[in-house]
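Now for the letters of each chain:
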Amino acid sequence: MGVEAMTGMLRRVFSRPRPWVMRYVLLTLPALVLAPLITFPFRAWFRYPLLVEALETQSLDLLLELLRLSSVEAPAGQLLGLAVLLILLTWVFVRGLWLWLEGGVLLTYVQAVPPSWREFFYACTRWLGSFLLLSVLGWLAIGLVGAAFAAAAFLGNLVWPPLATFTLGVGAVLVVACWLWVDFARVVAVVRDDRHVFRALTGAARVAGRRWLPLFGLMLGLLAVRLVVALASRALSSAMPYSWWLPTLAIQQLMQVLAVGVSLIRRAGEAGLALDALATGTADG
Amino acid sequence: MVRLWSAIAVVLTLALVLGPSAAAAPGTAKSTASAAAQAVSPPEIASYVISATYEPATHMLAANQTATYRNTTAAPIPDVVFHLYLNAFRSADTLWMREAGPGHRGYGYDAEHPGWITVESARLADGTLLTLEPLDVDETLVRAVLPVPVAPGDSVVVEMAFTAQLPRVFARTGWADDGDFVMVGQWFPKFGVWEHGEADSLGEANSSGGWNAYPFHANSEFYADFGMYDVTLTLPEPWRVGATGVAVTQPQPNGEGTATHHWRAESVIDFAWTASPHFRSMARVVDDVVVEVLHYPRNRPAARRVMAATRRTLGHYGAWYGPYGHGLYPRLTVVLVPPGAGGAGGMEYPTLFTVGALTGTGMSGCVHLLEVETVHELAHQWFQSMVATNEAEAPWLDEGFADYSTVRAMRALGLDPVRCGGWTYSYLGLRRSEYALAPQTPMAGKAWEFSGFEYGIATYSKPVVAFTTLERLVGEAAMLDFLGRYASTYAFAHPTAEDLRAVMTDTLGEEVSTWFFEALVDGEATMDAQIVDLGTEQAQVIREGALCVPVTVAVVRDGATSDVTWACEMSVQLGGPDLSEVVVDPERIAVVDLNWANNGVRLSPDDGAWLGATARVLRLLQMLFRGGAVW
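Those protein sequence lines, which keep their order, are chains A and B. If you're matching positions, the first sequence starts at 1 in this note's numbering and goes up one per residue. If you're matching positions, the second sequence starts at 1 in this note's numbering and goes up one per residue.
Accuracy of the hints is not assured; some may be wrong.
[Stated by the list, open to error] Pulled a few chain B residues facing chain A out of the computed Cβ check, cut under 8 Å: (1) His104; (2) Gly106; (3) Gly108; (4) Ala111; (5) Pro149; (6) Glu292; (7) Ala436; (8) Tyr490; (9) Ala497; (10) Pro577; (11) Leu611; (12) Arg619; (13) Leu621.
No wet-lab data here; the hints were simulated from the structure. Built from N, CA and C at the ideal position, the CB exists for glycine as well.
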């Protein structure tokens with residue numbers, strides 16, 4: 001039930017590549033500008049073979065040796081502070097754009113006919129308010145649940161440390177569940193074309209209740225794929241000498257493209273499930 | 001110096017030639033140690049029969065002891081000297097407290113719960129009363145003149161009644177957890193060490209012999225003779241006890257809510273015990289030794305880590321230094337101190353050690369300080385409990401070997417103090433960083449002659465750095481031969497630095513031992529090899545400091561690498577053409593080198609590596625910007 005609708009929707013991820021390209025470009029362009037800005041002040045350090053060895057062997061011992069070296073001029077603190085500020089500002093900008101794009105991305109998969117550029121950007125703006133509100137609610141829920149379980153874990157640790165571990169584990173699952181609920185509520189809102197936040201949340205809960213098996217399967221399956229991609233990316237990165245920068249860059253970017261694709265496949269799959277539920281009337285309860 | 005380095009070169013060449021036999025080295029060390037174990041006959045000099053009752057409500061011990069001291073020297077002993085260590089904790093203005101802060105490893109002294117010991121009576125076996133004369137204002141050391149000196153080969157038996165008030169624990173000994181946990185060390189009147197032909201360490205020259213005993217100093221630990229301990233402890237009935245040696249019988253209930261525990265230890269230099277109604281036991285048999293970890297129920301996960309580290313390391317130490325206790329100790333007790341009792345952790349006693357000082361029990365995951373602490377304290381079972389050096393006069397001898405063993409053990413276990421997200425911080429790296437702060441500090445010196453900071457460098461960091469340099473210079477096989485020979489030759493004895501030097505001379509050669517002792521043990525020499533000038537046509541490498549370790553210099557000319565030997569010259573010029581990179585000591589033999597970063601430099605930055613780093617930063621930024629959309 002719902003699986004065919006979900007898989008059918010997945011095809012749209014590949015046949016309608018606009019969200020994929022936009023999201024990848026959104027992630028990559030600012031990073032491409034920032035990365036050399038951050039590393040350039042350290043370029044002189046690459047005269048010391050020890051630095052390359054420290055990075056390749058991931059040795060804090062060797063890295064600390066460099067920091068003790070008086071002849072190596074650390075980039076001025078102001079410069080590093082500026083870099084941190086720049087990263088933070090860029091993060092806010094990218095996350096804002098990411099959220100703004102969400103309406104258009106979801107519409108691309110929900111709508112039977114691919115939206116025009118105008119429809120795409122209209123959807124982006126139309127849904128931004130609701131999605132922002134959902135984000136705020138989501139962070140509030142995550143904060144409350146997280147704080148409650150952290151406090152419980154702290155108390156548990158005083159009684160019996162394994163209890164703290166168990167409490168933290170349950171807390172982590174609930175935090176992830178909150179985040180997924182809010183994320184799914186955005187999909188349900190677009191599918192139902194209803195910007196009311198609380199109806200989106202309750203609708204998402206109902207769809208998740210009725211279609212829990214395919215939804216759970218989708219999540220777990222994509223989580224597994226994502227883990228494989230992440231592990232492969234990490235293994236390849238650490239196996240590559242730093243001087244092999246071009247193959248490293250190529251492999252890493254391929255992995256980034258895949259990671260963005262996996263997140264879009266999840267969104268499309270969720271949209272398919274929500275559409276199917278709406279078609280059979282279950283989303284309205 | 002030239003001869004020195006010729007000798008080292010010979011040793012290095014031999015190590016290379018004998019390379020394939022290196023795998024047999026542990027066996028060699030083991031067989032040497034095993035042979036010694038067969039022959040070992042520990043002296044029984046200072047023996048005690050103690051009967052003590054502990055009152056948890058007042059944290060007080062009431063005890064009687066019969067202490068026997070056998071004169072194994074050729075000189076008659078005119079008096080007896082006892083340590084009363086607990087008196088160091090009787091107020092905040094004792095010598096120990098003034099030197100310490102008052103505190104210990106970050107744990108503070110509680111003036112409302114001090115510690116002290118009083119001897120109510122002391123008499124000889126025939127009933128003759130002895131008068132105890134304090135030898136320091138704090139009364140951590142007392143002496144009684146004997147009516148008749150103890151002749152060579154004879155013994156003196158002193159019967160004493162004493163009361164000991166345990167402090168709230170902050171420095172090794174005392175109580176915690178509202179009195180439900182007690183760790184009891186240095187708690188009874190304990191003989192000094194009578195040494196033939198030594199000047200009396202109390203400052204009274206004596207040509208025939210003297211007591212080696214000092215007032216209790218903050219940095220100083222202990223020094224005692226081997227002997228037998230027969231101890232009965234009466235405690236509340238539900239309390240579980242761990243102690244030096246083995247339990248002779250099951251606890252005997254006394255019918256009034258108390259039970260008496262009977263423990264016995266032979267061929268040991270001390271007796272410590274711990275007790276709590278909350279203790280749980282985790283026990284395994286490792287190579288015929290019963291290893292027991294005592295822990296609070298909530299600390300079971302940490303206890304498992306302690307047990308695993310102990311079990312795995314016992315075999316390594318056995319292979320390097322000879323079997324645990326040379327087969328004489330059937331049991332090893334490890335006490336994982338409960339939260340709030342960290343001051344009792346990280347301490348060694350014969351057949352018993354405590355952990356939990358560094359991290360409590362909470363830190364796990366990628367931090368392995370509990371394992372560091374465990375393997376360090378376990379190493380003391382060899383270096384101090386068996387090879388019983390004087391911790392007051394030469395603290396580097398036991399702490400240095402224990403800490404160098406820690407580096408070796410962590411390497412053998414494949415563990416690092418920190419290993420997070422693929423990044424590691426090794427124990428050797430940690431000690432190197434400390435060493436670099438005061439590398440000129442000599443290792444030799446009495447414990448109280450160092451400031452607290454210098455004490456750490458002299459007894460822990462510098463020996464680690466020095467011994468690891470020695471290991472890399474002479475090779476693993478030669479180093480194991482040296483270590484095994486020293487440990488087996490001086491098992492159940494009191495070697496001095498000179499004895500160690502003799503073994504080093506015997507196994508590694510006189511040039512090596514002269515260099516090691518003159519430059520590192522007694523000397524202030526340091527070394528920082530560095531490249532000060534690099535051009536396409538020539539480069540200059542220099543040494544700062546008087547310490548010399550022969551190293552190679554890798555020179556890259558026109559893309560091809562060649563090695564140049566650099567002995568002890570203070571400066572060397574390297575010619576071109578087309579020099580692009582120079583690296584001094586690429587194998588990092590000289591662990592004493594103050595900074596490895598300035599050992600290698602390229603003419604121009606490695607732009608390929610810089611771009612590789614940039615690519616990785618790019619990925620990190622992309623991950624950051626992707627935020628919650630992890631999948």
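**Item:** Cut-off 8 Å, beta-carbon criterion: hint that B:Pro577 touches chain A
**Value:** With Cβ-Cβ at 20 Å, over 8 Å, it is violated.
**Request:** Grab the minimum C-beta distance from B:Leu611 to chain A and call the hint holds if it beats 8 Å, violated otherwise.
**Result:** For B:Leu611, the interface hint holds, since the closest Cβ of chain A sits about 4 Å away, which is under 8 Å.
**Prompt:** Does B:Glu292 meet its interface restraint, that is, does its C-beta lie within less than 8 Å of any C-beta in chain A?
**Reply:** With a minimum Cβ separation of about 21 Å from chain A (threshold 8 Å), the hint on B:Glu292 is violated.
**Request:** Against chain A, run the beta carbon of B:Ala436 and see if the smallest gap drops under 8 Å.
**Result:** Hint on B:Ala436: holds, closest Cβ of chain A at ~7 Å, below 8 Å.
**Asked** Under the criterion of a CB-CB separation shorter than 8 Å, is B:His104 in contact with chain A as hinted?
**Response** violated, 25 Å
**Message:** Next item in the hint list is B:Ala497. Is there a CB on chain A closer than 8 Å to its CB?
**Reply:** Result: violated, 30 Å to nearest chain A Cβ.
**Evaluation of the interface hint that places B:Ala111 against chain A, nearest CB under 8 Å** = At 27 Å from the nearest chain A Cβ, B:Ala111 fails the 8 Å test, so the hint is violated.
**Asked** With 8 Å as the cut and Cβ atoms as the points, is B:Leu621 at the interface with chain A?
**Response** Since the shortest Cβ distance to chain A is 4 Å, the answer is holds.
**Request:** Using 8 Å as the Cβ threshold, decide whether B:Gly108 counts as touching chain A.
**Result:** violated, 22 Å
**Request:** Would you settle whether the hint for B:Tyr490 is holds or violated, based on the nearest Cβ-Cβ distance to chain A being less than 8 Å?
**Result:** violated, 33 Å
**Item:** Per-residue hint verdict: B:Gly106, partner chain A, C-beta under 8 Å
**Value:** violated, 21 Å
**Restraint check, 8 Å cut-off on beta carbons, for B:Pro149 near chain A** = violated, 57 Å
The structure does not agree with the numbered hints 1, 2, 3, 4, 5, 6, 8, 9 and 10 stated previously, though it agrees with the rest.
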